[in-house]
Amino acid sequence: EDDVFLKMVAYVKSPDRQHLTQRQVERLWATCRYAFLEHEHIVAASSMAGIPMQWVSLGFARNKCKTDEQLQAFLKQQGAIHGECIRRFQPRIGNTTDVQLPSQESTADACADVATLETEYVDSMLGLT
1 EDDVFLKMVA
11 YVKSPDRQHL
21 TQRQVERLWA
31 TCRYAFLEHE
41 HIVAASSMAG
51 IPMQWVSLGF
61 ARNKCKTDEQ
71 LQAFLKQQGA
81 IHGECIRRFQ
91 PRIGNTTDVQ
101 LPSQESTADA
111 CADVATLETE
121 YVDSMLGLT
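My numbering applies: residue 1 is where the sequence shown begins, and numbers increase by one.
It is worth saying that the hints were derived from the structure and are not from the lab. Fair warning: this is a prediction, and the values are worked out from it, not measured in the lab. Backbone N, C-alpha and C define an ideal beta-carbon position, used for all residues, glycine too.
Just the calculated beta-carbon pair ranges, DEER-fashion:
(1) Glu69 - Asp16: 46 to 54 Å
(2) Asp2 - Ala61: 15 to 23 Å
(3) Val9 - His82: 22 to 30 Å
All chains, please: the whole structure from these sequences, using the hints.
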């Protein structure tokens, strides 16, 4: 997730992306899975414009769940509120110890290469294509 965060930073700061509206920047940042960022990126996000603190806070809340029961209750509650956006509380690449949620992966997500986050992929998230 740290790679995704860094690609988003580069994308938003790119000179040819200055046309993005505040809403588009916020929608892009909302796709980041803050629960899985390293602490230095969370600290960096705290002072960046357009970062939706709601998702940062909810990512922190997810990480404070001490038991599987608490985590399941949190996920159920957030699923009722945010619907398919509950995937933001699941790692992009899971492992066998992660709580499994129904896959909400889109075709764009499945084909995304984090190392070469394509403009087309990001633009499609913002509805620019």
